[in-house]
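Q: These protein sequence lines are chains D and A, in that order. Position in the first sequence counted from 1, then plus 150, gives you the numbering used here. Position in the second sequence counted from 1, then plus 42, gives you the numbering used here.
Don't read these hints as lab results, they were simulated from the structure. Treat the hints with care, as some may be off.
[As the list claims (entries may be wrong)] Distance condition first, Cα-Cα at most 16 Å in a straight line; then the derived EDC-like pairs of lysine to aspartate or glutamate:
#1 A/Lys269 with D/Asp317
#2 D/Lys324 with A/Asp153
#3 D/Lys324 with A/Glu264
#4 D/Lys324 with A/Glu254
#5 A/Lys187 with D/Asp420
#6 D/Lys419 with A/Glu264
#7 D/Lys287 with A/Glu254
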Amino acid sequence: MAILVVAEHDNANLSDATHKTVTAAAKIGGDIDILIAGHNAGDVASGAAEIDGVRAVLHADGETLAKQLAEAMQALIVPLMDGYEAVLTPATTNGKNFLPRVAAALNVMQISEIIAVEAADTFVRPIYAGNAMQTVKSKDATKVITVRPTAFAAAKTGGNATVKSIDAPAGPFKSAFVSEELTQSDRPELTAAKIVISGGRGMGSGENFAMIERIADKLGAAVGASRAAVDAGFVPNDYQVGQTGKVVAPALYIAVGISGAIQHLAGMKDSKVIVAINKDEDAPIFQVADYGLVADLFKALPELEAAL
Amino acid sequence: MKVLVPVKRVIDYNVKARVKADGSGVDLANVKMSMNPFGEIAVEEAVRLKEKGVVSEIVVVSIGPTQAQETIRTALAMGADRGILIQTDETVEPLSVAKLLKAVVAEEGPDMAILGKQAIDDDANQTGQMLAALLDWPQGTFASKLEINDGKAIVTREIDGGLQTLEVELPAVITTDLRLNEPRYASLPNIMKAKRKPIDMKTPDDYAVALEIHLEQIKVSEPPQRKAGVIVESVAELVDKLKNEAGVI
Numbered sequence: 151m152a153i154l155v156v157a158e159h160d161n162a163n164l165s166d167a168t169h170k171t172v173t174a175a176a177k178i179g180g181d182i183d184i185l186i187a188g189h190n191a192g193d194v195a196s197g198a199a200e201i202d203g204v205r206a207v208l209h210a211d212g213e214t215l216a217k218q219l220a221e222a223m224q225a226l227i228v229p230l231m232d233g234y235e236a237v238l239t240p241a242t243t244n245g246k247n248f249l250p251r252v253a254a255a256l257n258v259m260q261i262s263e264i265i266a267v268e269a270a271d272t273f274v275r276p277i278y279a280g281n282a283m284q285t286v287k288s289k290d291a292t293k294v295i296t297v298r299p300t301a302f303a304a305a306k307t308g309g310n311a312t313v314k315s316i317d318a319p320a321g322p323f324k325s326a327f328v329s330e331e332l333t334q335s336d337r338p339e340l341t342a343a344k345i346v347i348s349g350g351r352g353m354g355s356g357e358n359f360a361m362i363e364r365i366a367d368k369l370g371a372a373v374g375a376s377r378a379a380v381d382a383g384f385v386p387n388d389y390q391v392g393q394t395g396k397v398v399a400p401a402l403y404i405a406v407g408i409s410g411a412i413q414h415l416a417g418m419k420d421s422k423v424i425v426a427i428n429k430d431e432d433a434p435i436f437q438v439a440d441y442g443l444v445a446d447l448f449k450a451l452p453e454l455e456a457a458l
Numbered sequence: 043m044k045v046l047v048p049v050k051r052v053i054d055y056n057v058k059a060r061v062k063a064d065g066s067g068v069d070l071a072n073v074k075m076s077m078n079p080f081g082e083i084a085v086e087e088a089v090r091l092k093e094k095g096v097v098s099e100i101v102v103v104s105i106g107p108t109q110a111q112e113t114i115r116t117a118l119a120m121g122a123d124r125g126i127l128i129q130t131d132e133t134v135e136p137l138s139v140a141k142l143l144k145a146v147v148a149e150e151g152p153d154m155a156i157l158g159k160q161a162i163d164d165d166a167n168q169t170g171q172m173l174a175a176l177l178d179w180p181q182g183t184f185a186s187k188l189e190i191n192d193g194k195a196i197v198t199r200e201i202d203g204g205l206q207t208l209e210v211e212l213p214a215v216i217t218t219d220l221r222l223n224e225p226r227y228a229s230l231p232n233i234m235k236a237k238r239k240p241i242d243m244k245t246p247d248d249y250a251v252a253l254e255i256h257l258e259q260i261k262v263s264e265p266p267q268r269k270a271g272v273i274v275e276s277v278a279e280l281v282d283k284l285k286n287e288a289g290v291i
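Please put together the full structure from these sequences, using the hints given.
A: Here it is, written out as structure tokens:
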């Protein structure tokens, strides 16, 4: 069996989510090839070749792939699937965008956001915002799968796979990239950070997030937020941790002024250690926290900053 | 222009899903059901485009049991013009939904399909993308802003690092994210008016789509529970525990 892993990258850096997806592919079992679809992404391709257990890296480089738009990704991946029994990609907004198109073109059902591989055709995935776990067996000859990266350990590096160039699809396609507003930050990326500190509606304002940011900088942590804080306009949408935002599983998650709605818990409950700081002792967040501090965050945060 | 808005009847957003003891699924008996929240956002967006004079007709389609008529009525009360219910009590996987919607598109000829990015029951996040692929239409998924201009949709999308704006040629599929709009509550007069709006009753057979099962559900189980932790008395105690007990800082 041969498995294709479609890499997550930004043409300069290979995302760790790719290494985790390789681990999921290895659990299915078979020869693993990695597809780098991008533009001027040669360094990413050499990086992917170093992942352990990879047979080959297919590198498609062209302007049509610069932003990995869904229409071009479909045109690239579907013809390749003659040589593979499975295609996997991380369940990032990027992977979720293009992979269902591939599944539909192949007339198979995508298995979305798997968190475990039970057998080569059987997988576990969260449903109902993580309130239930569904085990499904795919009857399709070709498996099309998105992988929740936080559920798998990253594959190690040290390998030396061959890199083969393949053609990028020519286009034109019916969608075009216009612009991008990416949040600029020197802090680690939310889904890859070892420590995450998130604020909720209890923060009261965007300005008050500065208290969280100062602690994040002391800890080398990423900053996150609940949906309530994002909807209130305190911070941008890409800070959102939760079922419909980002799913994180750091070694330490600190929830500040977050009540713990189901949809938020679904995005962070796999963290190793959870700390909750909330003035409401009945807040549901305390039911999942390893350490709870019932306190006014406006007093507790400065104290915490001073103590670190 | 004409817009197709597919909506799904799902467990209400505020109800906690409970796994059945026999592992056969989630208990939906006597549970409040509502329109998928992302679908509500899709209806709202279509209605706003109609209010701006960009859209002339909004057709709402749902696939599911007879009670899904109520879901369609909700959309009609919000401002959609007419409904189509493809009635079935079978399990309909996203791929089959996409095939049925493709057949509806062939019949109705809309310029755009706007639908929720995912249903809050199966969390599959794939129907819109699959529909786009089957129709060979471009897509603007996870939209937080939508403008129609000169035969094109300018779509701002919520992506992992921030926001991305695309220009897609119409006809196209748009899927909605949380921050696209805040859906309205239907007024009583509009609820009354909606009762007179037409709903076409159809079946999957009418569209010659077989409801194949590609994914066999083996079981549904409870997620692993976390053990309750301890309440600390002070910030100093918290920092001490994190350093010396948990060893994470």
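Q: Can you list which hints this structure breaks, lowest number first?
A: Checked against the structure, the hints that fail are numbers 1, 3, 4 and 5, while the rest are satisfied.
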